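There are 2 protein chains.
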Amino acid sequence: MEALSINDVKPVAIDDATAPGLAQHKTAIAGLFKRRRVRVKELLAAGLSTVGHTVTVKGWAKTLREAGAGAFAFLEINDGSCFTGLQVVVSKDTPGFEAVMNSGGTGASFCVVGNVVESPAKGQLIEIKATEVTVYGDVADPSTYALSKKRHTLEHLREHAHLRPRSNIHSAAMRVRNAMAQATHSFFNERGFLYIHTPLITASDCEGAGEMFAVTTLFNHVKDGNVPKTADGKAIDYSKDFFGKPSFLTVSGQLNVETHCCALSDCYTFGPTFRAENSNTARHLAEFWMIEPEIAFADLSDDIDLAEDYLKYCAQYALDNCAEDLAFFDKNVEQGLLKRLQTTIESPFVRLSYTEAIELINKPENLKKGKFEKKPVWGDDLGSEHERFITEQIYKKPVVLYNYPKEIKAFYMRLNDDGKTVAAADVLVPKIGEIIGGSQREERLSVLETRIKEATGHDPAEYGWYCDLRRYGTVPHAGFGCGFERLVRFVTGIENIRDVIPFPRWPSNASF
Amino acid sequence: MEALSINDVKPVAIDDATAPGLAQHKTAIAGLFKRRRVRVKELLAAGLSTVGHTVTVKGWAKTLREAGAGAFAFLEINDGSCFTGLQVVVSKDTPGFEAVMNSGGTGASFCVVGNVVESPAKGQLIEIKATEVTVYGDVADPSTYALSKKRHTLEHLREHAHLRPRSNIHSAAMRVRNAMAQATHSFFNERGFLYIHTPLITASDCEGAGEMFAVTTLFNHVKDGNVPKTADGKAIDYSKDFFGKPSFLTVSGQLNVETHCCALSDCYTFGPTFRAENSNTARHLAEFWMIEPEIAFADLSDDIDLAEDYLKYCAQYALDNCAEDLAFFDKNVEQGLLKRLQTTIESPFVRLSYTEAIELINKPENLKKGKFEKKPVWGDDLGSEHERFITEQIYKKPVVLYNYPKEIKAFYMRLNDDGKTVAAADVLVPKIGEIIGGSQREERLSVLETRIKEATGHDPAEYGWYCDLRRYGTVPHAGFGCGFERLVRFVTGIENIRDVIPFPRWPSNASF
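For the record, the sequence lines run as chains A and B. At position 429 of the first sequence the residue is numbered 429 (my numbering), and the sequence of numbers has no breaks. At position 250 of the second sequence the residue is numbered 250 (my numbering), and the sequence of numbers has no breaks.
Derived from the structure by calculation, the hints contain no laboratory data. Mixed in with the good hints there might be a few duds.
Same chains, same names: a pair is fine if it fits in one copy or spans any two.
Only pairs whose alpha carbons sit at most 30 Å apart, straight line, appear in this in silico DSBU-like list of lysine-lysine [as the list claims (entries may be wrong)]:
#1 Lys331 - Lys122
#2 Lys396 - Lys34
#3 Lys420 - Lys375
#4 Lys34 - Lys431
#5 Lys245 - Lys234
#6 Lys122 - Lys41
#7 Lys240 - Lys223
#8 Lys34 - Lys339
#9 Lys234 - Lys223
#10 Lys223 - Lys245
#11 Lys129 - Lys41
#12 Lys397 - Lys34
#13 Lys34 - Lys420
#14 Lys229 - Lys240
#15 Lys229 - Lys245
#16 Lys396 - Lys374
Just so you know, these numbers come straight off a predicted model, no measurement behind them.
Turn these sequences into a full structure, and let the hints steer you where they fit.
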């Protein structure tokens, strides 16, 4: 049989299996796939127990420096599995020494085989005494390398989004982002919620939660700068488009996930959503991820309970799984981050109606302290300044506001018995402001139809499939939406939303 | 403090906590969120141990029929948590009996409080003797209800995609789909792969894996059917578009995820991808989900090992977690499904080079047996008929083909030493054909640049950011893509790809 070529590197001695604590996977399930290396994370975690073993480590140089008057070199290697790098000592007589010294240093990639020894240096238990080093890839011209050793601004990193995972801050943010995604799936899966993939492209007219991007193939049929037009020449001929009518990128999976909730009970979506708003700020993205659970046979208090559990679970998951990265953020990005997360976990969220919140902010001492640009008036949406004042200044912990005036909320939120408010709730947290928005859904067909007319001006018939859920076996249900990037900002303390997503999209920016 | 209104249903007696086996969550973590009901899944699983307890169950009627000359009714209720419904006996003197009888039956929704009793009927251990039934929502006019009790065609269900989660086949498919998503995250998370959200919208020119959808806001600026044009009037003025240049929906996250793999080591994406191909078939969707792992410091054999482990893990996960749904599919959709999955898990995948496969199919006995429309010739892509013949007729289990002619594969696949083939591998499985396609990536800058010119005709400079990964610390790496809907088809036996995704999109169809 024709052999599969082995292109990785010449076979090297690895005795991972003999070093205690160096299991390849957390899972017990046997498999074929094995890394032909030890990850830095497992090696550092196993610590002194690995001393005396031969290991193979692969990664990129964070730093490389000559020492002992050229007798040896210190190579700090990182493979992205954890924040800390691994110190490798390469002496002049080690095979590969010269190649290492000519590799360009920071950013070059290596395969290191060596012995684990106790480290004489401070701040690290172990280091590697290399017996052989292979350079996979050098940095031929370090002067052109955008991720050189020096400190870079966040703007510079954004401009080199393809290389910024090699920076401390972005790699830590991506590990935390991964942890929050895993936490999200664990949380809902453990509670019996089904993950439902709601559609991204939709020709449905009944969203209206924000400006939408059009999705089209009509630009493939441009003639003299014209897209196909209708017979009278006055409008675009969407019958020639891929879906035969105007189609858009979704702004929320909620209405779609309700269809599955009203049959399969508790569900959630976790996927990308889009806003074509011309917002060039540190708080908005044109493409972002959102988590939207939907609970069957539930009301607003169940919804708030779930939201509080979810945020606490995520904060705890981060503390449990990303301690090293969070320590970096606590030290370099937001002093007090760890304490803030601990407070989130330990204290019950404050629950306050919208009306009570308006009264609270309007107390003279709060108006004085808050120095608001705008005094809040019942009936108006609360500003970000008000929301953050409540959660950061008054309570210093998460606050849930509920029962908002119907005029400032969406048509699908359940009308309360007062006829003036709806069963909606927003969760406000220090540092972010609103992180979650939810509601009980209007399950009464006649009330829903009235609200559609009132709030959207449309004919309820345009919302036919959504109304069908109320026409046939309606049930009380509730849900919320959590902006995933806000969650990552909440857990890392990172200010700019562009720095918590691999490739941010904003007006005039869809590079990479 | 203003009270949160409880809109669910009048308070009912629940003693879930006292019935053994009825824990609300699998997790031990305490929380606020508690269902005010027992799920049918947990109740049936706890079985006879629940006899004598009072429980609250909520769900939709699968069937409702009068019995005993009107003295009582049999209500089969389902809450989507599992395939099987729960039988409820409602006697004439039970509060709510009349409302139940007037509910319209199939599709109506209920809150049932009652005592668990041993069932005298065959095929079920327990049933509920109702003490009170509340109708949440009726089906006022059953004649208009698209999901009435009778059997429906798959076409009919697709036309009512908002209600089809109430059908046996779609609800089972969605539970299996959920399980496969959870399995995917568990598999990669346990192995230390980071979940990376690659972008959906891209202005990058270097994809080219298929026809793309344009993403635009220019339709907001249409005047007399014209989108904004350049000064000479001959072309579309993309400078007025949201991203300032032509932008598209991604066809793959691979190139983007490589950036993070070349810094954080092993990563994966799992997200929607798009094809604007005019394929109106049971095998294609315009929007589908894809899993794309990328392994650092790995070659093609590592890649194939990971793919084999992954598919086996998913098959085992389905057998472990979806036994009831799989039994339904085995009986009603594909006889032999369970055996096929068991074979997948138990036998090593066959590994065969493309060249060997061509020779194999061209053996006279196989040409005779296969009755192919087209005889396979070295250098041509294998047809679906050839792929399925190899995996279904010759080996009757999964087969991995590797080392394909470079002319039929993408520019980024690593050139083998023969100069003619690339280190690519496809995994073929019975029932589906190709389910996974992967490759070792070309990590040598000069070879990559040559291949870009050769295979795409473009200037390598247009692929600048992708080439940078080879310019600065390149490493051997490999990865694959797995169509998620193909995986769900593989595990359920469902033929049409439109039946394994909540809201399928194809030419002229983006409803809901």
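Structure-based check of each hint:
{"no.": "1", "hint": "Lys331 - Lys122", "in the structure": "within (19 Å within a copy, 65 Å between copies)"}
{"no.": "2", "hint": "Lys396 - Lys34", "in the structure": "between (47 Å within a copy, 27 Å between copies)"}
{"no.": "3", "hint": "Lys420 - Lys375", "in the structure": "within (21 Å within a copy, 73 Å between copies)"}
{"no.": "4", "hint": "Lys34 - Lys431", "in the structure": "between (42 Å within a copy, 29 Å between copies)"}
{"no.": "5", "hint": "Lys245 - Lys234", "in the structure": "both (16 Å within a copy, 25 Å between copies)"}
{"no.": "6", "hint": "Lys122 - Lys41", "in the structure": "within (19 Å within a copy, 56 Å between copies)"}
{"no.": "7", "hint": "Lys240 - Lys223", "in the structure": "both (14 Å within a copy, 18 Å between copies)"}
{"no.": "8", "hint": "Lys34 - Lys339", "in the structure": "between (39 Å within a copy, 28 Å between copies)"}
{"no.": "9", "hint": "Lys234 - Lys223", "in the structure": "both (16 Å within a copy, 8 Å between copies)"}
{"no.": "10", "hint": "Lys223 - Lys245", "in the structure": "both (20 Å within a copy, 18 Å between copies)"}
{"no.": "11", "hint": "Lys129 - Lys41", "in the structure": "within (18 Å within a copy, 56 Å between copies)"}
{"no.": "12", "hint": "Lys397 - Lys34", "in the structure": "between (45 Å within a copy, 23 Å between copies)"}
{"no.": "13", "hint": "Lys34 - Lys420", "in the structure": "between (61 Å within a copy, 29 Å between copies)"}
{"no.": "14", "hint": "Lys229 - Lys240", "in the structure": "both (9 Å within a copy, 20 Å between copies)"}
{"no.": "15", "hint": "Lys229 - Lys245", "in the structure": "both (13 Å within a copy, 22 Å between copies)"}
{"no.": "16", "hint": "Lys396 - Lys374", "in the structure": "within (22 Å within a copy, 72 Å between copies)"}
Of the numbered hints given earlier, the model fails none.
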